Amino acid sequence: MRRILETLVPAAPLILLFVVWESAARLGWAPPNLLPAPSLVLQRLLELLPDGEFLHHLGQTLIRLLGGFAIALVVGVSLGLLASRTGGGALITVVRVLAPIPKIALYPAFVLIFGYDHASKIALVVADTLFPILLATFHGARAVEPKLLWSAWAAGSGRFASLFTVTLPATLPAILTGCRVALLIACVTVFLAEMISSTDGLGHLLSLAARSFRMVDMFVPLLLISLIGLLLNVALQFARKHLLRGQS
Amino acid sequence: AFLALCGQTQAADDIPTIRVGWSIPAEEMKYWMMRRPDAFPDLGKQYRIAWTQFQGTAPMVQAMLSDAIDCSSQAPLSLGQGAASGGLQAYVLAQHVGERKGESFSVYWAVAEDSPVRSVADLKGRTVGVNVYGSGVYGQMAMILKQNGLDPERDIRLVETGFPGSEAALRAGRVDAAVMNQPFALRAESKGGIRKLFSLTDLMPNTVHIFEVCRKDFTDAHPELVKRYVKDLRTAMALAREDRAETLKVVSEVTRAPVDLLDGYLLTDKDFARSADARPDFEAIQQMLDQYQQLGMLPAKVDVAQFRRDDLIQ
Amino acid sequence: MEKRAMIEIQRLGKSFRIAGGKRHVALEGIDLNIREGEFVSILGPSGCGKSTLLYMLGGFVPPSSGSIQVQGRPVTGPGPDRGPVFQEFALFPWKTVLGNVMYGLRQQGVGKREARERAMALLHKVNLASYADFYPKELSGGMRQRVAIARTLAYDPATLLMDEPFGALDAHTRTVLQNELLQIWERDRKTVMFVTHGVDEAVFLSDRVVVMTRSPGRIRTVVDIDLPRPRVRAELLVDRRYQEYVVELERLIEDVHHERDAEPAPAPVAKTTLKVATR
Amino acid sequence: MEKRAMIEIQRLGKSFRIAGGKRHVALEGIDLNIREGEFVSILGPSGCGKSTLLYMLGGFVPPSSGSIQVQGRPVTGPGPDRGPVFQEFALFPWKTVLGNVMYGLRQQGVGKREARERAMALLHKVNLASYADFYPKELSGGMRQRVAIARTLAYDPATLLMDEPFGALDAHTRTVLQNELLQIWERDRKTVMFVTHGVDEAVFLSDRVVVMTRSPGRIRTVVDIDLPRPRVRAELLVDRRYQEYVVELERLIEDVHHERDAEPAPAPVAKTTLKVATR
Amino acid sequence: MSAQAILQRLGAPLTVLVLLTLWELAARALALDGFPTATESLAQLPAILFDGQSLQSIGASLARMFAGIGLALLVAVPAGLAMGRNPTLARMLNPLLSAAYPVPKAALMPMVMLWFGVGDLSKILVIFLGVSLPLLYHSYHGAARLDDKLLWSAAAMGMRAPARLLRITLPGALPEVLLGCRVGLAMALIVMISSEMIARQSGAGDLLFNALDMALYPDVYAMIVILAALGFALDWAFEHLRLRLVHWAEPRQDAASGGNS
Ligand SMILES: Nc1ncnc2c1ncn2[C@@H]1O[C@H](COP(=O)(O)OP(=O)(O)OP(=O)(O)O)[C@@H](O)[C@H]1O
Ligand SMILES: Nc1ncnc2c1ncn2[C@@H]1O[C@H](COP(=O)(O)OP(=O)(O)OP(=O)(O)O)[C@@H](O)[C@H]1O
Ligand SMILES: [Mg+2]
Ligand SMILES: [Mg+2]
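Chains S, V, G, B and U, in that order, give the protein sequences.
Just so we're aligned: the first sequence equals residues 1 to 248 in the working numbering.
Just so we're aligned: the second sequence equals residues 1 to 314 in the working numbering.
Just so we're aligned: the third sequence equals residues 1 to 279 in the working numbering.
Just so we're aligned: the fourth sequence equals residues 1 to 279 in the working numbering.
Just so we're aligned: the fifth sequence equals residues 1 to 261 in the working numbering.
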């Protein structure tokens, strides 16, 4: 009983949202040609899920999403750690200049450089998710208690090695927060890339449906990306719990 | 919608306002009205216009469905889909641009000069660029491919380049055939190295590209207002055609394209066709709607009659 | 039998920039030579710069003036020859107790298995073997302090820089660890800099006791503790000389506290001839 | 003359979930009554649960079993009647020394000016007046500890819960603050729970001393300290009864340490008849 | 020492110069139509910067951006802090948030237009959503990692929970909150532009996307340069503010470098 309640609490707002949405659609609070009932969307989603072609689109999106995120994670954490050490000032200037650029404007160049396949979309995801991770890592690393580093150096750990044995684990909480932000941005960006120019992926399905005003079909990818975001976040939360079991 | 009122820049006095959506690059009538309002005696005095620019026609259908705008520029496909699937009810009141075989520019697909692709059929297995997958232009291309024995879904690899990115994609070798529209076609031609493969006039001589649409409920409620608007649109068309030099300036102000570039095609035979009275070509529209239905891009037959309100067009 | 100086501190000073933008002088004109294998304690009022001195010896913080040489070479940074035990412990929160103690060994290239064994042996000594899998946040203050001590002892640095290492321990545990430390020291002849507030602890453990003035810290006096070694607590406690040392140091500390800030501190006496305790 | 119980602790126990998922018992079956205005010290081995006990008294951490009543009402949360001094100080890092000490006063609605004056007076007492504008990170360990003491004394809670409050101080400063605390206590008759590792400190300050067993902590013995008040250090140090208390408590602590874990802890003796020290 | 100081002063301009040179070289080497060289793009700057209307557009965008940021600060920071200190609240809101944030705002434009019109309000909303993401999560985790004993101390002084959120949790988590702000500020410029992608009135995004639509790539990149400069200036100003606000938390000046080497 208690367990049921415990799993229900986090789900409650989502359920509430669904109820409100459903009644909004059913009771005509929102025009049905703009907002379809969630039950219809869910039903369509369940119809589509076993469909091979739909799964292919889903797969394409996931490859771009996770591929881009993984690259941003590795690059962002490495650069952030390096920038936190002396001499990293130049790197931070570069970040300052590049971070606020709307990456979407670079997309034409990405397409010409990387082609119309995965690479250009992954590049866009990387460009959008890199900086949240990099900045979080940088600030986290700068705030590491110096005595932890001193302890490591005194124990014979080299400057470079201590980056991984001390700075990285001590920065992990900040990095994971950056990841959380970046992961959600990645979800949005991959859709944006697929909506602008693509012939596959969920974003493509969405813009196709939107252009022909098939609202139920349009909300299927939206619902799916929500679910993906939710699942990725749950995964991240587990990772966080495991990785930070000693801390906080 | 009540929130829309707060966000909207409402006219302080009781001069009626039309909320109009527009886009670039080929709506000279609207650009004139935006940039040279003094040339229109009623504008600003009898009625006002709140302009909002959109990326493409589909968002404008959505905006009309959301009651966020009253009138907008549309293309046959987006209007047809809006009507068939979105429940949009609207009138087509003026035509911005179309094509006229032999007299005007026609959207075409280009290949590199030295490309082995010589005919449409040669496109089999090639990468073809299109502005937007599922757009009207795509539909007509698909029709042409079919007529040449190609299955547009299987026999070619399609990528979305958009009109602006088309030339660059072709030159970078990312596509084998690229879709060309003005002013990008002119720029590409002047640099050379490309060859026309086929154009939309191969399919039909009088493709309609953009026309003006107003919501039915809005028009029926404010017929006088819409009438004034349509009248001014026609005045703008006349002005645009008469005073080309000024039109070049106006368009340059709006699109920020340099006058030199515009001078190369705008309102010449390298440009789309405009009719003096800006009258919509309903027949051509119907023909296009039928093609789209044939291709499965429209779920049902859309009768153009529902978009007519002749008393406003005279 | 004079041994050569392991650590040479000359006219060492340190000032900090504080939030207002002003500078705060923490230490001034410290002169001190420490021989190899010597056990030197530092006594001084709270805030007089004892920790700061250790940081500079460790090479963690650069001096503002003066110089420090260890084995004839200027200190440019930390090294595994000088092992610190920080006042705030500074345990790695992401590592278990065992992981913390193994860290230094692993850094020195000791194999996992051996590192584990040696770490566990040390944990037994500090009476924390049953807490090997705990994380620092799950420990009490005194337990953390013991882990910090074990972590540094584990990789066996030639010099120990210990900042009130037994401050959070109960009397019994403290005595046990004092004896443990003395044993290690007597066996390996480490050089030890030992900051403490316990006068009796300082006398019990040290060859020399440095008494510092109030902030800004200078060296007030250096007292040689001429007591036989190995020292046994029970014997020492009834030794008259031991008691005299304690009384004398307590008096010195009282003096330090009652010297007005305005008065110039007496000239440092670090250069007194060193007498090696008879062993 | 029996005063009524200020704090009633019954069969109190606390266990923690540790990282592995297991539970670790920190405290077990604590029974203790503390009268209003009583000064009770707690002695016990490192890690036996002294801090945990104070956390529960403060209402910061809920007990796993048993109950605590303060003035007849169960503790449900923290309140300004019980002021803690934490072992790790827990200063507000974004406030200056002065800001930290003023904080509680301002919280109680004392005007800015008055709060400032009272805070400065306290800072003078802990000898930190010239550091009023420093931020916590710019202080030495002992200075931080003094700020923490001043911060709690400032808002004048009826009960003080002090966790090794003088642990990081040098002997002189410690004596000064002990006397200060005694004065405040004698004037305001606060109830004080005082965790310490200093047996002499406990005897010098307390009405009763609670000795705890090794982890999991239980109460081993409660010793009444039947020494006259007001107590003067110089007199006390030569008082035979004082020395006897110290020796007895030291012996008790030794015993506690040598009791095997396996042995059942002796029955708690908290309910011994309380004798109020003659004053 | 002074040479080092000079180098430090010149560091940022020097880095920017290197960046521009790299861009120039890369663009020349690639010779792509959609990727103009630095010189071509910088040449377009005066046309934009000396045009009153363009400046007004950029100003209008910035005004919306600051409105969005202000809203995000007011809503996301308290919400994040509350989630950080209240696990039940966090458990309830987390799924909702992680399901809501991934939804591309562009796709919801019809609904947004329906409820908020095509004007400033809907754009401010989109900016708010973008900026609130890092603010919320950094506040959340910052608050969750706060040392309990600080809150205990305040509670023992008689401070109630809502006041603790404002006066203890907020300052205690401030370093992390401000990190969220720094990320949010960079994102604000990005969202400011992308909020103007679909429905445009006068704004910086309008300038940029029009140039994109016309394939005027040097203009696009000139806008990018302007945005980068704006971002740089904002970040620079914010860093100063940040250091003033959290100087108490910065590790010792000479700490991370360690030693006097
Ligand atoms: N980062 C800093 N910024 C400014 N002043 C500092 C800093 N660190 C230490 N100080 C000052 O330097 C002086 C010496 O500090 P230190 O920690 O060395 O004292 P200590 O002798 O170890 O004291 P304690 O016995 O209390 O630990 C103090 O007055 C302190 O205020
Ligand atoms: N958060 C926690 N999780 C798990 N175990 C804990 C936690 N906090 C304390 N403990 C355990 O509870 C026991 C008592 O800890 P506590 O801090 O109360 O000890 P203490 O008597 O104050 O010791 P010390 O004198 O060393 O400060 C210890 O064994 C410790 O490991
Ligand atoms: Mg210190
Ligand atoms: Mg404790």
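Think of the hints as simulated: they come from the structure by calculation, not from any bench.
Bear in mind that the values here come from a model prediction, so they are computed numbers and not experimental data.
Hints are not guaranteed to be accurate.
For each label pair, taking beta carbons as the anchor points, the in silico distance ranges come out as [unchecked claim]:
| id | chain 1 | residue 1 | chain 2 | residue 2 | range |
| --- | --- | --- | --- | --- | --- |
| 1 | S | Leu-5 | B | Gly-72 | 31 to 39 Å |
| 2 | S | Arg-245 | G | Glu-248 | 14 to 22 Å |
| 3 | U | Gly-11 | S | Glu-53 | 27 to 35 Å |
| 4 | V | Gln-46 | S | Glu-53 | 36 to 44 Å |
| 5 | B | Lys-137 | G | Asp-156 | 25 to 33 Å |
Virtual Cβ for every residue (Gly too), placed ideally from N, Cα, C.
Taking the hints in turn, this is what the structure says about them:
A C-beta distance of roughly 34 Å is found between Leu-5(S) and Gly-72(B), which places it inside the suggested range of 31 to 39 Å. In this structure the hint that Arg-245(S) and Glu-248(G) lie 14 to 22 Å apart at CB is violated, the actual value being about 51 Å. About 53 Å separates the C-beta atoms of Gly-11(U) and Glu-53(S), a value inconsistent with the hinted range of 27 to 35 Å. A C-beta distance of roughly 54 Å is found between Gln-46(V) and Glu-53(S), which places it outside the suggested range of 36 to 44 Å.
A hinted range of 25 to 33 Å for the beta carbons of Lys-137(B) and Asp-156(G) is consistent with their spacing of about 32 Å.
Checked against the numbered hints above, the structure violates hints 2, 3, 4; every other hint is satisfied.
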